[in-house]
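As a plain string of letters, each chain reads:
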Amino acid sequence: MSLVFALAASVLFGTGAYLLLDRDLVRVVFGVVLISQAAVLTLVASGLTRGSAPIYPLPEGAVSDPLSQAMALTAIVIGLAVTALLLVLVLRVVHAYRSPELAELARREAERDARLERVDEREHAEEEAAAL
Amino acid sequence: MTALSLALVIPWAAGIVLALLDGRRRLVGWVAVAVLAANLVALVALATSVLPDGTVTVTTGNWPEGVGITLRADALGVLFALLSSLALLAATVHEVLDGVRERTFPGLVVLLAAGLTGVFLTGDLFNFYVFFELAMTAGYVLATYGGGRRELGAALVFTAVNLLGTFIFLLSVAGVYHVTGTLDMAAIAARMDDVDPNTAVLLAVGFFVAFAVKLGLFPFHFWLPTVYTGARPAVAAILSGGLANIGAYGLLRFGGELLPDELDLAAGALVVVGSASIVYGGVLAVSRRSASEMLAYSAIGQVGYVLVAIGVGGPVGFAAAILYTIVNALNKTLLFLTAQLRGAIVGAAFAVGALSVAGVPPAAGFVGKLELFRAAADNAALIALLVLGSALSFVYAFQTYQYDFWRSGRRGKRGTVAQQGVIAALALLVLAAGVWPEPLLSLSHDAAESLARGRP
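Quick note, the sequences are listed as chains A and B, same order.
Following this note's numbering, the numbering of the first sequence begins with 9 at its first residue and continues without gaps.
Following this note's numbering, the numbering of the second sequence begins with 17 at its first residue and continues without gaps.
The set of hints was computed from the structure by calculation and includes no laboratory data.
Every residue gets a Cβ at the ideal spot worked out from N, C-alpha and C, and that includes glycine.
Interface residues of chain A toward chain B, partial, derived using beta-carbon atoms under 8 Å:
1. V36
2. S44
3. G55
4. R100
5. Y105
6. D128
Label-pair restraints from in silico Cβ distances:
7. A/S72 <-> B/P213: 26 to 36 Å
8. A/L124 <-> B/D280: 39 to 49 Å
9. B/A54 <-> A/R31: 44 to 54 Å
10. B/I32 <-> A/E125: 42 to 52 Å
Extracted from the complex, chain A is given alone in its bound form:
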């Protein structure tokens, strides 16, 4: 059973990591979602015990571990919140750059750097000229 969980979690993590490296921003979000699911699955798997539901008054015999379920629930809620946040962020970036591609963001950034570089160079040349 542990092996099945481990395999499933590793497939989720691997797929998520692959998507995270994609140029398309929406795919990046999906990558983060898949990785969060891998973490949740690992949390569930970390406390795999057989038994009845742990509700007071406790029944006779073994009860299943409630802690890993509580952790998984919390992690799901947090994952949902950050996914929503990430989607809003992507939406605003797409509006600002008018493109859902990371390459476009990088190109704009490079353009800006080159412009600053030129300004610096010009100032430097002016200083040199003034010093002569």
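Position chain B against the provided structure of chain A, taking the given hints into account.
Only chain B this time, still in chain A's reference frame:
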């Protein structure tokens, strides 16, 4: 005990209320400042009871011990909480004086303070993750503050990379729970000895990657320059002076207390990664012209020193790491706040910060460097590396000073008198810590001892 609960509850409750109000109104901004100040006062009250008498523990909700979530304040946690709270307070006062631009800013900073206080004062592993994520989420939204293109692009990179880091942390948390069957940090530290070494090393690597991403250490640094240069000065100060402390704290707490054997095993690797960070950050910072870019690369270099000190290990190494983290957070808060201002007082404050980064007396950085040298005393190669790093930081800090203030190459506004007052107060604090280092030294040694005492 009440101070511990208050330090958490005040910013938490106030943050929720403030998030609903329009932060652009001056009054709301000042309420946020008052809340942060109250948080700081509660933490000072907590420190006065923790430092002489030892750890304060509270089990939430009056549950029996071992069932409820424990909050635990020891010297290390209180020190980091105080430091982060101070950095947040200074940056918020600075921004409120400048005029807050977005309605969510005060609420987010206060919630960030709640998250940070929680991270540093919790004794429960999963609770650590929840507070960690609370602080980080506030940080993600703060990174967009200003709302321009660059901020948005930087915030997206910041969010995606750090989310990956926190999920790797969560994977390690699940692993620790699986092998030890508990989430209480003290119990984990005791049970970790019986765990199969291979498993423990895997878990340790997960924790290391998560905190290294947060700190921006060399191979995990790629997000950092974009974010620190893209964000507004106050936000950059909050991120580097407040939020980045989680990384150093996590490495100390998880490496020094929970997984000490694995830390010893990896000591060489940590020193190598730290050295790479120092050299990489230093060399790239020298090549930068603008103050905020210089500071961003300098941040990568400075955390390298912390990692080297942790790698050296032992009470001396941990004390040096703690002290250097404190000094570095103060430096970065001060320098980022000066980043877009000009004028004589700002110039003087920048010079103090630059002296501190380079480790020249009388600034606080000197004490930090001195402790590092003490920790690395019997290793000639490390001493040479520290000298090289210090020389690089001297060059980049004063190169920027010369360019920005001697030749008035800085395009910025003068800032109000009150803003200059905040910066001057921070600069005086850095100077005071350098002139009278005794309290800071004894605090960091106390904190390092509290880590060593946690060892089984």
